[in-house]
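Visitor: Protein sequence lines, in the order shown, are assigned to chains F and X.
So the first sequence is numbered by full-length UniProt numbering: it starts at 1 and just counts up by one.
So the second sequence is numbered by full-length UniProt numbering: it starts at 1 and just counts up by one.
No lab work stands behind these hints, which were simulated from the structure alone.
Please note that the accuracy of each hint is not assured.
Computed list of lysine to any residue pairs in SDA-like fashion (alpha-carbon distance at most 25 Å, straight line) [stated by the list, open to error]:
1) X:23 to X:68
2) F:43 to X:23
3) F:47 to X:36
4) X:72 to X:14
5) X:36 to X:56
6) F:36 to X:29
Number of protein chains: 2
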Amino acid sequence: MFVIVVYDFGEKRVAKALKICRKYLTWVQNSVFEGKITEGNFKKLQKELEMKMDKMEDTLILYSFQSTKYSKRDVIGCEKNKPTVFL
Amino acid sequence: MFVIVVYDFGEKRVAKALKICRKYLTWVQNSVFEGKITEGNFKKLQKELEMKMDKMEDTLILYSFQSTKYSKRDVIGCEKNKPTVFL
């Protein structure tokens, strides 16, 4: 499946969310990640994020797509998630 | 079609991007918008954003889905895009 994860975590928890998402997905920009993932790993990712978040303050939005057959992804401007960013 | 728009614009241009996206889509959080839109309006939105952006500095990522039949959207925690935010 293909997923897009958008999080808005408080300052104290945002680094943890970044670290968790990086294990499973590709960073897009700011607090947005995307990628192909198995259903099992998607559940793991969700659980790990839920354990770190403050549900009264933080938000986590998960879009999941069983198929990307009818989808398109366009990048305009300067793509920031080039591999060098991760070095 | 259903679209998700993620932008990362410089400080001077970010308010313009927000204003343009709000005309067509629903704010999700930070610089992420989503919504159902016609193909014509999606092109308009894209053009308007392209006119305001600095392509050397800013990024615009557009995900578009012809069908949301095989997709899911989950919100965990505190949903921030309640109507009152727009008042």
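Visitor: For each hint, tell me whether it holds in the structure or not.
Guide: Okay, the hints, checked on the actual structure:
Note on residue 23 of chain X and residue 68 of chain X: the hinted pairing holds, with a Cα-Cα distance of about 22 Å set against a maximum of 25 Å. Proposed proximity of residue 43 of chain F and residue 23 of chain X is contradicted: the alpha carbons are some 35 Å apart, above 25 Å. The hinted pair formed by residue 47 of chain F and residue 36 of chain X fails the criterion: a straight-line CA distance of about 29 Å is larger than 25 Å. Proximity of residue 72 of chain X to residue 14 of chain X is assessed by CA-CA distance (about 29 Å); at most 25 Å being required, the pair is judged violated.
A C-alpha spacing of about 29 Å is found between residue 36 of chain X and residue 56 of chain X, which places the hinted pair above 25 Å, so the restraint is violated. Distance check on the hinted pair: residue 36 of chain F and residue 29 of chain X sit about 23 Å apart at the alpha-carbon level, within 25 Å; holds.
Violation of the numbered hints given earlier is confined to hints 2, 3, 4 and 5; the remaining hints are satisfied by the structure.
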